[in-house]
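**Q** I would like the entire structure built from these sequences, with the hints used as guidance.
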Amino acid sequence: MRGYVFYISGALTVGFALGTLLERFVFASTIKSNPLFGQQIVCKANQSGLEIETPVSASTLSWNAFYKTAGTSDGVLMLQQKLLFYWLPKAAFTSESDYRFFLDLLAAKTKHTKLG
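Just so we're aligned: the sequence shown equals residues 1 to 116 in my numbering.
Heads up, a few of these hints could be off.
Calculated lysine-lysine pairs in the DSS-like style (CA-CA distance at most 30 Å, straight line) [claimed, not checked]: (1) K68 to K82; (2) K32 to K68; (3) K68 to K90; (4) K82 to K44; (5) K111 to K44; (6) K90 to K44; (7) K32 to K90; (8) K44 to K109; (9) K109 to K82; (10) K32 to K82; (11) K90 to K109; (12) K68 to K109; (13) K90 to K111.
Beta-carbon label-pair distances, calculated as ranges [as the list claims (entries may be wrong)]: (14) A11 to W87: 34 to 40 Å; (15) Q80 to L12: 18 to 24 Å; (16) E51 to S9: 22 to 28 Å.
If you are wondering where the hints come from, they were derived from the structure by calculation, not from laboratory data. In this text, a Cβ means the ideal position worked out from N, Cα and C, and glycines have one as well.
**A** What follows is the structure, encoded as structure tokens:
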């Protein structure tokens with residue numbers, strides 16, 4: 001009986017590890033197949049929302065389109081849905097004061113904000 005438990009535990013561990021690796025591979029290949037991969041996307045924040053310009057489109061998302069925002073030391077994650085989000089790195093801002101202005105605007109305009 002002990003031997004079976006050991007082999008089953010080993011098989012489950014190997015299966016989990018292989019599944020995780022496969023999931024990462026599929027995610028990376030999906031990202032790389034996106035037509036906008038490697039393209040510059042410009043985001044401009046203002047009082048009414050976030051303007052997003054890509055090489056093929058332009059749109060504006062009102063602040064209530066984001067159900068959750070979270071800040072880190074490297075930037076801000078803005079979620080529209082669980083798997084639909086925008087990552088705005090701190091390095092993309094022209095200055096520290098621009099980044100601070102954006103954080104203040106984000107805190108004032110969005111709900112469920114976790115910044116800092």
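**Q** Which earlier hints can't be squared with this structure?
**A** 15 and 16
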